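Enquirer: Chain by chain, the residues:
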Amino acid sequence: MSSSLYTTDNPVFSAYLFYCAILVLKVLFMAPLTARQRFSKRIFISPEDTTLTPKAKVKHDDPDIERVRRAHLNDLENIPVFMVAALLYIATNPAYFLAVNLFRIFTIARIIHTFVYAVVVIPQPARALAWGAGYAATIYVAVQVILFSL
Amino acid sequence: MSSSLYTTDNPVFSAYLFYCAILVLKVLFMAPLTARQRFSKRIFISPEDTTLTPKAKVKHDDPDIERVRRAHLNDLENIPVFMVAALLYIATNPAYFLAVNLFRIFTIARIIHTFVYAVVVIPQPARALAWGAGYAATIYVAVQVILFSL
Amino acid sequence: MSSSLYTTDNPVFSAYLFYCAILVLKVLFMAPLTARQRFSKRIFISPEDTTLTPKAKVKHDDPDIERVRRAHLNDLENIPVFMVAALLYIATNPAYFLAVNLFRIFTIARIIHTFVYAVVVIPQPARALAWGAGYAATIYVAVQVILFSL
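Those protein sequences? They're chains A, B and C, same order as listed.
Remember, the numbering used here sits 106 above the position in the first sequence when you count from 1.
Remember, the numbering used here sits 106 above the position in the second sequence when you count from 1.
Remember, the numbering used here sits 106 above the position in the third sequence when you count from 1.
Honestly, the hints are just simulated from the structure, not real lab data.
Please read these numbers as outputs of a predicted model, since none were measured by experiment.
Here a beta-carbon is modelled for each residue, glycine too, at the ideal position from N, C-alpha and C.
Among the hints, erroneous ones may be present.
To be verified - Computed beta-carbon distance windows for the label pairs:
{"no.": "1", "chain 1": "B", "residue 1": "S152", "chain 2": "A", "residue 2": "T159", "range": "21 to 29 angstroms"}
{"no.": "2", "chain 1": "C", "residue 1": "D167", "chain 2": "B", "residue 2": "P229", "range": "23 to 31 angstroms"}
{"no.": "3", "chain 1": "C", "residue 1": "V227", "chain 2": "B", "residue 2": "P160", "range": "22 to 30 angstroms"}
{"no.": "4", "chain 1": "C", "residue 1": "D115", "chain 2": "A", "residue 2": "K161", "range": "53 to 61 angstroms"}
{"no.": "5", "chain 1": "B", "residue 1": "P229", "chain 2": "A", "residue 2": "K147", "range": "18 to 26 angstroms"}
{"no.": "6", "chain 1": "A", "residue 1": "L235", "chain 2": "C", "residue 2": "L235", "range": "38 to 46 angstroms"}
{"no.": "7", "chain 1": "A", "residue 1": "P229", "chain 2": "B", "residue 2": "F203", "range": "20 to 28 angstroms"}
{"no.": "8", "chain 1": "A", "residue 1": "R176", "chain 2": "C", "residue 2": "G238", "range": "38 to 46 angstroms"}
{"no.": "9", "chain 1": "C", "residue 1": "V226", "chain 2": "B", "residue 2": "L139", "range": "35 to 43 angstroms"}
{"no.": "10", "chain 1": "C", "residue 1": "D115", "chain 2": "B", "residue 2": "L131", "range": "33 to 41 angstroms"}
{"no.": "11", "chain 1": "C", "residue 1": "D115", "chain 2": "B", "residue 2": "R148", "range": "57 to 65 angstroms"}
{"no.": "12", "chain 1": "C", "residue 1": "L204", "chain 2": "A", "residue 2": "N207", "range": "32 to 40 angstroms"}
{"no.": "13", "chain 1": "B", "residue 1": "S152", "chain 2": "C", "residue 2": "I217", "range": "15 to 23 angstroms"}
{"no.": "14", "chain 1": "B", "residue 1": "G238", "chain 2": "C", "residue 2": "R148", "range": "39 to 47 angstroms"}
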């Protein structure tokens, strides 16, 4: 019987732990990024949020806030599926070098994506390329899992 | 000590690898589905996206684009939680036949959901039934995990 | 070679199964919470949904429905990343007492978050505190994983 690949004896799993935890913090970081805009503009999402800040109002179309929220939604569209795909990919017992670089590329690409989308707006195709690198890494990993499981 | 169920010696885990990777690709497929609408209508989500396409504009209420985005959001509401629930379900050591068919029903239901919602709009209750099949499968799996862990 | 921590011999993993399955059901519960508002107000999200209910209409800015949807989106922003972070955290072989209480705090915090946001609206900082407890638990878990994997 084969032993589990999901132990820290497996360097691919250890690398996954590291990059995946970085990605968790990266997604969580979208909250203070949104809050910074909301408090500086005093624009909140729900009526009950306006009671603690003077002159606060509810508004759902502020361009700077919606920009951060779109970056956050794009994270939700891309990061959880990568986390799951990469977890499955470990079961295919991939080469360490390849696996680590896929995790690294995805993680860096998603950090760049948020930076060029919602921190300093950089003209396209900056965001498209960052998104595409993460997207391509996820497709590669998912296809490898399917080929392995056939 | 019981050995890990998360190895490819366990046919339920192997089936999970396959269906879960299909679901990852299914969620990723929402991006080209959205892009197809955006480029054909020249309607984009952020101002910087309009510079590469002539006559492009920003608009957030196009019915065809918003339809694809709603299907995508519905995926995010349902697919990651199923992926996690099914991963936990493997630990309950379920019967192979039952587990594989739950994975299969969920996967097919979600593909049909997107098709009837955002590719060819089919009257209700088509979408409600597709959504409900995936929803019921997720509840069943989650409840089995809770009963097992008590 | 170390044996897998992802078996029910590990009480931390068993606790994870329980709390994570509760969280899955908690996220799924947002759907009937939204549907209850939609059917009582006869306000639906897509044109094809209005054919089965008399006097139904499409509207995207009803405050009560959008409130439930914001609570749902906040779940998607916070719960899947916690589920993944906690899964990784198990690999660090944490003390049972600490791990179980982190899972418990997160789960209870998210249930309270939905209650004060979308069931009975309770003035701030109720929602901020519930959100913050879950957020802090996720950061703690993710940072522990990073420190462990260095």
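Enquirer: With reference to the structure, classify each hint as holding or not holding.
Expert: Here is what the structure says about each hint:
Between S152/B and T159/A the beta carbons are some 27 angstroms apart, a value that agrees with the proposed interval 21 to 29 angstroms. In this structure the hint that D167/C and P229/B lie 23 to 31 angstroms apart at CB holds, the actual value being about 25 angstroms. V227/C and P160/B have their C-beta atoms about 47 angstroms apart, which leaves the hinted 22 to 30 angstroms range violated. A hinted range of 53 to 61 angstroms for the beta carbons of D115/C and K161/A is consistent with their spacing of about 58 angstroms.
In this structure the supplied range 18 to 26 angstroms is violated for P229/B paired with K147/A, their Cβ-Cβ distance being about 43 angstroms. Here the CB-CB span from L235/A to L235/C is close to 40 angstroms, well matched to the stated 38 to 46 angstroms. At roughly 54 angstroms, the beta carbons of P229/A and F203/B sit outside the given window of 20 to 28 angstroms. Between R176/A and G238/C, the C-beta spacing of about 24 angstroms breaks the proposed range 38 to 46 angstroms.
Against the hinted window of 35 to 43 angstroms, the Cβ-Cβ separation of V226/C and L139/B comes to about 38 angstroms, which satisfies the hint. Between D115/C and L131/B the CB atoms are about 34 angstroms apart, so this pair conforms to the stated range of 33 to 41 angstroms. The supplied range of 57 to 65 angstroms is met by D115/C and R148/B, whose beta-carbon atoms lie about 58 angstroms from each other. Range check, L204/C to N207/A: about 34 angstroms between beta-carbon atoms, so the 32 to 40 angstroms window is met.
Between S152/B and I217/C the beta carbon distance is about 35 angstroms. The supplied range of 15 to 23 angstroms is therefore violated. Evaluation of the 39 to 47 angstroms hint for G238/B and R148/C yields a failure: the beta carbon distance comes to about 20 angstroms.
This entry does not satisfy hints 3, 5, 7, 8, 13 and 14, going by the numbered hints stated previously.
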